[in-house]
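So the sequence shown is numbered by this note's numbering: it starts at -4 and just counts up by one.
It is worth saying that the hints were derived from the structure and are not from the lab. Possibly wrong hints are sitting among the right ones.
What the hints assert, rightly or not - For lysine-lysine, the following DSS-like pairs were computed, each having C-alpha atoms within a straight-line distance of at most 30 Å:
id : residue 1 : residue 2
1  : K154      : K175
2  : K194      : K210
3  : K26       : K154
4  : K210      : K175
Stated by the list, open to error - Label pairs and their computed distance ranges (CB to CB):
id : residue 1 : residue 2 : range
5  : Y45       : I118      : 15 to 23 Å
6  : A47       : T7        : 27 to 35 Å
7  : A47       : P250      : 18 to 26 Å
8  : S0        : P242      : 35 to 43 Å
9  : S111      : P(-1)     : 47 to 55 Å
10 : K237      : P16       : 32 to 40 Å
11 : R85       : P108      : 21 to 29 Å
12 : G115      : P3        : 42 to 50 Å
13 : Y45       : P9        : 31 to 39 Å
Just so it is clear, CB atoms sit at the ideal spot from N, CA and C, and this is done for glycine as well.
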Amino acid sequence: PVVPSRDPASRTAPALDRIIPHDNTQGYCMKEVIGHVVDDGELFELMPDYAANIVTGFARMEGRTVGVVGNQPLVLAGCLDIDASVKAARFVRFCDAFNVPLVTFVDVPGFLPGTSQEYGGIIRHGAKLLYAFAEATVPKVTVITRKAYGGAYDVMSSKHLRGDCNVAWPSAEVAVMGAKEAAKIIFRGTPEGPELAQKVADYEAKFSNPVAAAKYGFLDDIVRPSETRARVCRELALLQSKTAARPDRKHGNIPL
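Please take these sequences and the hints and turn them into a complete structure.
This is the structure:
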């Protein structure tokens, strides 16, 4: 049901302009970001103590129910592991089944490395989240706040998975990996020191920003963090009448 909201869609949140740390290895609370964007700062979180590296829950935007998914940088740096992938995939499928729009907040440095994850089938379980977002036909709005690296970025409701509106903050980094790691591979053989540091700085200036991704159509816009709520509300209003053509088949083949 739609509940009348006294929280204006045009409300700005100046605190979001200061929430991202200058050091991209430091964390911040994604729940705080979500609270500044949704109606009255209220998020009904599901399973908060299970796979806390990803946040799932229900909120309202202009009085309408939305499902919220977001990486939590304070836990495992926001990496996706098996439990987080399955938790988010089940939530996305639930929202799609009951026609609840999805709003996704992305700050993901990748899938969690380690033999325990590999032996546990991280690729198969990660594919469940990819499949869930790809098959969902509800309105999908994605906000990239900081890191969006590699395959984990693709999985988080990216444009490649038919996201309806994908926007990014100026602090966003859409890339295969971090600048330092990428520079070490590209300029292999360069010893640690001022020369390598300069190459890392050059790489960051050229690629560690959302402009390159926007140029190739992977982003629809770059927005000020404080104006995120207004943009998300506007996109959800536009997508209320969204219809999606489905192929004539019985069902898809989800990676169980």
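Cross-check of the supplied hints:
Between K154 and K175 the alpha-carbon distance is near 26 Å, which keeps this suggested pair within the 30 Å criterion. Restraint check for K194 and K210: satisfied, since their Cα atoms lie roughly 23 Å apart, inside the 30 Å limit. Taken as a hint, the K26 and K154 pair is honoured in the structure, with Cα atoms around 23 Å apart against an allowance of 30 Å. The hinted pair formed by K210 and K175 meets the criterion: a straight-line CA distance of about 23 Å does not exceed 30 Å.
Judged by the Cβ atoms, the range 15 to 23 Å given for Y45 and I118 holds: they are separated by roughly 21 Å. For A47 and T7, the hinted distance range of 27 to 35 Å is satisfied, since their beta carbons lie about 29 Å from each other. The hint said 18 to 26 Å for the Cβ distance between A47 and P250, and at roughly 24 Å that hint holds. Look at S0 against P242: about 37 Å separates their beta carbons, and that is inside 35 to 43 Å.
Roughly 49 Å separates the CB atoms of S111 and P(-1), a value that falls within the hinted 47 to 55 Å. A hinted range of 32 to 40 Å holds for the C-beta pair K237 and P16, which are about 36 Å apart. Distance hint check for R85 and P108: the Cβ-Cβ separation is about 24 Å, which falls inside the suggested range of 21 to 29 Å. Separated by about 46 Å at the C-beta atoms, G115 and P3 satisfy the suggested range of 42 to 50 Å.
The hinted range of 31 to 39 Å is satisfied by Y45 and P9, whose Cβ atoms lie roughly 33 Å apart.
When the structure is compared with the earlier hints, no violation turns up for any of them.
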